[in-house]
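> Work out the full structure, taking the sequences as your base and the hints as a guide.
Same order as they appear, the protein sequences are chains V and B.
Those letters in the first sequence? Residues 344 to 482, by my numbering.
Those letters in the second sequence? Residues -11 to 415, by my numbering.
Among the hints, a few may not be true.
Said to hold, decoys possible - The calculated BS3-like cross-link candidates involving lysine-lysine, where the alpha carbons are at most 27 Å apart (straight line), are: (1) 472(V) / 391(V); (2) 320(B) / 265(B); (3) 389(B) / 391(V); (4) 472(V) / 320(B).
Claimed, not checked - Now the in silico label distances, taken between C-beta atoms and shown as ranges: (5) 184(B) / 451(V): 36 to 42 Å; (6) 290(B) / 382(V): 36 to 42 Å; (7) 211(B) / 458(V): 23 to 29 Å; (8) 462(V) / 264(B): 51 to 57 Å; (9) 377(V) / 92(B): 25 to 31 Å; (10) 61(B) / 377(V): 40 to 46 Å; (11) 454(V) / 209(B): 35 to 41 Å; (12) 57(B) / 454(V): 43 to 49 Å; (13) 175(B) / 455(V): 25 to 31 Å; (14) 61(B) / 382(V): 25 to 31 Å; (15) 275(B) / 348(V): 55 to 61 Å; (16) 122(B) / 479(V): 54 to 60 Å; (17) 175(B) / 462(V): 54 to 60 Å.
What the hints assert, rightly or not - Quick look at which bits of chain V chain B covers, simulated, 3 or more residues with Cβ under 8 Å: (18) 385 to 393; (19) 409 to 419; (20) 430 to 437.
FYI, nobody ran anything at the bench for these hints, they're computed from the structure.
For clarity, every value in this text was computed on a predicted model and none was experimentally measured.
Quick reminder that beta carbons are idealized off the backbone N, C-alpha and C, glycines included.
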Amino acid sequence: MKSITLKGRSASKGIAEGEALLTYDALSFLSDISVTEGIITSPQSKFKGQSVSDKILIFPTGRGSTADPYGFYMLKKAGKAPAAVINIDANPTTVAGAIISHTPMVYKLERNPLEVIEAGDHVLVDGNKGVVIITKQVT
Amino acid sequence: MKLTADEERMLAGESGPGVQRALELLIAVGEAYEAKKLIDISSSHILSPEMQFWNTGQLSRWSRELVAESVEGATHFRVPVTINPIFLEPAIAERLGYPESYIEEMRQSLAFGRETYARLGVIPTYTCCPFYIHTLRQGEHSGGAESLVVLFNNSVLGVRVNRESGPTALATALTGKTPLYGMHLSENRHGQAIVELKDELDPGTFTYADYNALSYGVGKMVVDKIPVFLGLPRHMSITQLKYLCAPLGVSAGIPMFHAVGITPEAPTLEVALGGRKPEMRIEVGKKEISRTFEELCSATEPRINYVFLGCPHVTIPEMNEIATLLQGKKIKSEVLLVVGTTEPLYLLARQMGLVDIIENSGGMVVSGMCSAGSFLRRGVPQGFHVGVVATNAAKAAHYLKAGGVQVWFGTMPQCINAAVTGKWGDA
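Dropping the structure here:
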């Protein structure tokens, strides 16, 4: 089993691991994900219908404004939040959402996570150190 | 990020867990913006999820849990803090015939918020126009959320404030700090897109709706660049300026605009651009404004059920205009006309007899509530028929349309006429 470690910056503390879910959309936790079900709902997303719950959610950057962090918090309260978030660039509303929902979040990794990580890989996100450890699926 | 001794103490939990979490949040958000440090602010403007977004159901309970966690152990806001409006005034919910249990839940959520923030020393403005009440000066640094407040403060008053999120705004109020990034830095405040009004337009005769349409249309064109308006009348009123501000916050993501000869950081075009070349040049004429008027209307049904005025909250001159238009007239019983403002202005308008005129015609004047009609987009009780809205606010029209509500956008006289006849466009 191949293991890759990527260093980056931490946006929100904590350690979590799980199955990777990748999307290439800029996600808003208020507008693009159903709070009660934890499913991506944005009509234009190719990943519509996928569940983010307990996944290591990887997407380029967040979008949204004032109330978006609340969406992330509600998702956590509903028990449907991702286990951790990995972004390329950190949108401050995503950062705020990750923090108030106590979800580990790492960004600005030394390599593009969307190129290194594949759907289904096992990923550990260490939001305390700003490190991601990827265990590739056996092919 | 380098912290001061005071910030280190807050981070160590000396002011309680709420302030500690607030500082952690500000540091993390600041680092996402590459801020080198936190700065002191002299004021902040907060909004409240349990009062402005969700005041019933599970989302309301979770909102209250979040707020309780956020302020845990805090005894007082560190700076003067104003607060945004509420979602729905119970008196209106009663008038609409909402279930009593629903209204009771609303009251509980609102009471929680009022008590929590009162205990922390909030100035209970419950308005999107806190600058009517607690006015800041050019160069002051503020925290805050609510795009209209940010736009007005930055553009019209020269205050320095970022478009923060709800939780971050609360964090700035609890700590008296905000990260040094964005609008707090002079180099980020320059104009990037020139907006010229064509000669065919006579802005001196613009209605509030025209300013709304101009603002909304320009926002769509500039997207994320700071616009510099040329050709606006030097002596624009505060009322007109707030209508120039508000739609820019929804059709664009920007925190600021310049209007040459009008706004304090734009005495000339050169100064507004910071000596740089503009990245974009736009011309706006009659065609662009008409197109925006059409674009903001989503209704096909001419019979209306609501008129919302006061997005942003009306000034006394506006209250006068509304009363003049309604004097001696009766609003159709099936139409609910709501004029939104903030408490101090409401009290004065009451003394002036203006509220009586509006109420005698069948309308309502409400203080402290959001006039964008969000309550028709979200949290609507089962079986309640939403109906058609008329408004002169582009921001309200945009949100209502996005929420699937039928809306007519037009001038204040058109809206009031529709309230009296029951139909949009009837002479």
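> Against the structure shown, which of the earlier numbered hints fail to hold, in ascending order?
1, 2, 4, 8, 10, 12, 14, 17, 18
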